[in-house]
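*Asks:* In case you want the letters, here they are:
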Amino acid sequence: MKKVTLVVKGADERRLREFKAEAVRRGLKLSEALEEAIELWLSAKPVLDEVDANNLAYLRAKRLLEGQEGRYAVFAFGRMVGVFESLEEVSRALRSLDPRPRHAVVVKVGVDKPGELEWWGGSISP
Amino acid sequence: MVGRFYIPVSCFGYARGAVHGYPVLRVKLFNLAGEELEVELGVDTGFEGSILLDRETYEFFAVGELPREAWRRYRTLAGPLPMRTARAVAELGGRRFEVLVETPCTAAVSGSRGASCSTRWSSCSTGRGAKPA
Numbered sequence: 016m017k018k019v020t021l022v023v024k025g026a027d028e029r030r031l032r033e034f035k036a037e038a039v040r041r042g043l044k045l046s047e048a049l050e051e052a053i054e055l056w057l058s059a060k061p062v063l064d065e066v067d068a069n070n071l072a073y074l075r076a077k078r079l080l081e082g083q084e085g086r087y088a089v090f091a092f093g094r095m096v097g098v099f100e101s102l103e104e105v106s107r108a109l110r111s112l113d114p115r116p117r118h119a120v121v122v123k124v125g126v127d128k129p130g131e132l133e134w135w136g137g138s139i140s141p
Numbered sequence: 009m010v011g012r013f014y015i016p017v018s019c020f021g022y023a024r025g026a027v028h029g030y031p032v033l034r035v036k037l038f039n040l041a042g043e044e045l046e047v048e049l050g051v052d053t054g055f056e057g058s059i060l061l062d063r064e065t066y067e068f069f070a071v072g073e074l075p076r077e078a079w080r081r082y083r084t085l086a087g088p089l090p091m092r093t094a095r096a097v098a099e100l101g102g103r104r105f106e107v108l109v110e111t112p113c114t115a116a117v118s119g120s121r122g123a124s125c126s127t128r129w130s131s132c133s134t135g136r137g138a139k140p141a
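Top to bottom, those sequences are chains A and B. Counted the way my numbering counts, the first sequence spans residues 16 to 141. Counted the way my numbering counts, the second sequence spans residues 9 to 141.
The hints are simulated quantities; they were obtained by calculation from the structure and are not laboratory data. Treat the hints loosely; a few may be bogus.
[Stated by the list, open to error] In silico DSS-like pairs for lysine-lysine, Cα to Cα no more than 27 Å straight-line:
#	chain 1	residue 1	chain 2	residue 2
1	A	K128	B	K36
2	A	K44	A	K17
3	A	K123	B	K36
4	A	K44	A	K24
5	A	K35	A	K18
6	A	K77	A	K128
[Stated by the list, open to error] Some chain B residues close to chain A (C-beta under 7 Å, calculated; not the full set):
#	residue
7	R24
8	A41
9	G42
10	F55
11	A70
12	E73
13	L74
14	P75
15	A78
16	R80
17	R83
In this text, a Cβ means the ideal position worked out from N, Cα and C, and glycines have one as well.
Build the full structure now, drawing on both the sequences and the hints.
*Replies:* Structure, rendered in structure tokens:
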């Protein structure tokens, strides 16, 4: 991997000081901490943005979904794509979008609800 | 007298664990865009949910994610853990099932994969009550 020298102008001094201190606390060189931060930002940012937009679109349209129980409502690119009877129809609708979304909210109206389950240990022993 | 005969169709493979081996299922999973991914899932991991995936594998199914308000939480020894949840289709024994796949919201617990040994899967292996997706 090719290493380069980076000079950044106009960085916030206080924030940079905090960043350096945190790197020291974690036992990292400044360059290593920066690489980690870049990697994290690149991997999380695009997905989170799309997730937020689609969830917001769902919340806005939630009231319109009353009476559609058992059907699948699809949200992509921050808007409602449609309400469908089956997963095959959902699949066709998602494939017809251009560009193909990386994230979509698909809710089975009146069925998908939060719950609390358990995650303890397995029962099979050797 | 009423009884039921069970005929083994195939045997579980075993994966090597850190201490003990554990049974694994080889399953074809489809995301809601119809794309296919074949995975090996550890069985009986103590996970009560449907299918537990590591974060990277889960992203493949993000095209059918449930809204945040429907994500589920799990009681663990370390406290409640929220999970991202997506809808997918699993193919096992020539039948297709609508399933949920999940991954922890925090990246710290990534690297796990497994399936609960639920009635749904046993329905599939006995061929009764199965509902094609």
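*Asks:* May I ask which of the numbered hints given earlier this structure violates, with the numbers listed in increasing order?
*Replies:* 7
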